[in-house]
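Asks: Take a look at the letters that make up each chain.
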Amino acid sequence: MIEPLKVLIVEDEALLAMELESLVEEAGHSVVGWATSSAEAKAMVDSTEADIAFVDIHLTDGPTGVDVAEYIGEKKNSMVVFMTANPKRIPDHFAGAIGVIAKPYTMNGLICALRYLQEGVRRPPPKSVLPAGFTLSPAFETVWAPVP
Amino acid sequence: MIITDPRQPDNPIVFVNDAFLRLSGYERQEVLGKNCRFLQGPKTDKATVDQLREAIAEKVDVSVDILNYRKDGSTFWNALYISPVSNDRGELLFFFASQLDVSDRKRSEHRITADKDRFEKAVKERTRELEAALEAQTTLLHEVDHRVKNNLQMISSLIVMQSRTIKDAATRKSLATMLERIEALSTVHRRLYQSKDVSRFDVADFARDLVTDLLTASGRSEIKSTLDLEPIVISAEKATPVALMVNELVTNALKHAFKEKPDGTTAGRIGIKMSQPDGHFNIEVSDDGVGMADASGDASFGMRLIKSLARQLHADIEWRDAGPGTKVVISMPNEPQQKGNVS
Ligand SMILES: Nc1ncnc2c1ncn2[C@@H]1O[C@H](COP(=O)(O)OP(=O)(O)OP(=O)(O)O)[C@@H](O)[C@H]1O
Ligand SMILES: [Mg+2]
Chain H
1 MIEPLKVLIV EDEALLAMEL ESLVEEAGHS VVGWATSSAE AKAMVDSTEA
51 DIAFVDIHLT DGPTGVDVAE YIGEKKNSMV VFMTANPKRI PDHFAGAIGV
101 IAKPYTMNGL ICALRYLQEG VRRPPPKSVL PAGFTLSPAF ETVWAPVP
Chain S
1 MIITDPRQPD NPIVFVNDAF LRLSGYERQE VLGKNCRFLQ GPKTDKATVD
51 QLREAIAEKV DVSVDILNYR KDGSTFWNAL YISPVSNDRG ELLFFFASQL
101 DVSDRKRSEH RITADKDRFE KAVKERTREL EAALEAQTTL LHEVDHRVKN
151 NLQMISSLIV MQSRTIKDAA TRKSLATMLE RIEALSTVHR RLYQSKDVSR
201 FDVADFARDL VTDLLTASGR SEIKSTLDLE PIVISAEKAT PVALMVNELV
251 TNALKHAFKE KPDGTTAGRI GIKMSQPDGH FNIEVSDDGV GMADASGDAS
301 FGMRLIKSLA RQLHADIEWR DAGPGTKVVI SMPNEPQQKG NVS
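Read top to bottom, the protein sequences are chains H and S.
Quick note on numbering: the first sequence equals residues 1 to 148 in the working numbering.
Quick note on numbering: the second sequence equals residues 1 to 343 in the working numbering.
Only chain H is shown next, with the shape it has when bound in the complex (with noise of 0.2 Å):
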């Protein structure tokens, strides 16, 4: 049995984020804490252990979950993935995430990425295959998934 992630939840739409939290509870991990704008991102991260915290682009103050995913990069408690419906709104070197889940994903897909995730953190790299609507960096690309 892998230990199970401490995730932190960045997002402003509230319905996505509840159903989030119970997805990530009902795969045996637990929810650290919620933001919706890039602020109370910040104060989260310095106050809460995370293992992964996943970032929408777009938060109540505007598209600053580029910054977010950048100032966890720099205390570097923890690792993102982007999750969001605007993919092409990602600068090319990902801000130091991992990588991306697409808006929208299916229930499935989540179950599959927080598995893959789950491994990749803690024992990477994934065994699992990449699941559909999940996009890495190029940087973790050659280490998670490199072409054999």
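Read the hints as simulated data drawn from the structure, not as lab findings.
Heads up, some of the hints might be wrong.
[Stated by the list, open to error] Below, a list of computed lysine-lysine pairs in the DSS-like style, where the Cα atoms sit at most 30 Å apart: (1) S:K255 / H:K127; (2) H:K88 / S:K238; (3) H:K127 / S:K224.
[Stated by the list, open to error] Derived, one-sided and incomplete: chain S residues facing chain H with beta-carbon distance under 7 Å: (4) H146; (5) N150; (6) L152; (7) Q153; (8) M161; (9) E183.
No residue lacks a Cβ here, since even glycine has one placed at the ideal position from N, Cα and C.
Fit chain S with the ligands to the supplied structure of chain H, relying on the hints for placement.
Replies: Relative to chain H, chain S with the ligands alone:
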């Protein structure tokens, strides 16, 4: 016409005809003995004058359009031709210069250049406007696309949350089927607009996502899939009905085809084949399950949905007994579209 004598100092005029006097407005005595430069003025092009000077120095002929001044100060465009005249021994005797007033031609040339500049400016201006409009449209499209995707995500979330609160198994099952259908739409939208050409949809990539997702979601690892997918591009408006149809057929196979066999196993194989023989787009969804001999009529919702979508797509659809199992064959017209030209 003018003749000058280069053997005298400063190459003076030694002969003028009446036509030149009429053109320039001078009297004969005023010009004889003078160098031709009195015809030039402030607006005369220096480079043209240099060109003349050079030709005279090198004793070769030259032809230029030059702006000259009359005695009264008015200007005219002079098509000037100068040629050296030598004797038998090759000694330079004279320069012969002929003049022609081409002010009219110059004027129309100027007008044409001005018109051309004006047109070019107008075209540039219009291009800028169109580019700005396109930019605005693209931003709007992205905005709407973003909202559609978010809303689809919210619809799925609502269904899942609702279904968590429901005890009745049949109701939950029906919500699960609804979620599958909405997620098929979600998978279309996730894939839509991924290429720059928003009107084209790569149906093979979509099918791979959909089938993998349905199979893993079913949790039935004993059921394998065989995907034989040509890269096929269809127009975006066909994407949704095609996606829904494939979703119905694959979920049907998953739900109905693989009953427990006498040996207690439920293993099986689902196959999807997509091809585009000339001008057509063909889809085959097959399974090696129980077949449809026992299927009850066609009053059920899934079947009606499949048939209506087929009508919308002008597709022929046929259920074949594949012994064992079922093979559903769909064929629809599809204008040939090269994958890869999605720029
Ligand atoms: N691949 C298949 N193999 C065996 N039986 C099938 C297959 N596809 C369809 N059937 C039969 O055809 C019937 C009608 O299918 P249909 O999709 O209309 O309804 P359904 O799947 O039972 O419910 P829903 O309306 O939610 O789709 C099914 O109940 C099943 O008996
Ligand atoms: Mg059905």
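Asks: Does each hint fit the structure? Answer for all of them.
Replies: Status of each hint after checking the structure:
A distance of roughly 29 Å separates the Cα atoms of K255 (chain S) and K127 (chain H); the hinted pair therefore holds under the 30 Å criterion. Annotation: proposed proximity of K88 (chain H) to K238 (chain S) holds, straight-line Cα distance about 24 Å (limit 30 Å). Pair hint K127 (chain H) plus K224 (chain S) holds up; C-alpha atoms about 19 Å apart against a cutoff of 30 Å. With a least beta-carbon distance of about 5 Å to chain H, the hint placing H146 (chain S) at the interface is held under the 7 Å criterion.
Interface hint status for N150 (chain S): upheld, as the beta-carbon distance to the closest one in chain H is roughly 5 Å, under 7 Å. The criterion of a C-beta within 7 Å of any C-beta in chain H is met by L152 (chain S), whose closest approach is roughly 4 Å, and the hint holds. Annotation: Q153 (chain S) was flagged as interfacial toward chain H, and the flag holds, the nearest CB pair being 4 Å apart, inside 7 Å. A cut of 7 Å between beta carbons decides the hint on M161 (chain S): the least distance to chain H is about 6 Å, and the hint holds.
The criterion of a C-beta within 7 Å of any C-beta in chain H is met by E183 (chain S), whose closest approach is roughly 4 Å, and the hint holds.
The structure shown violates none of the earlier numbered hints.
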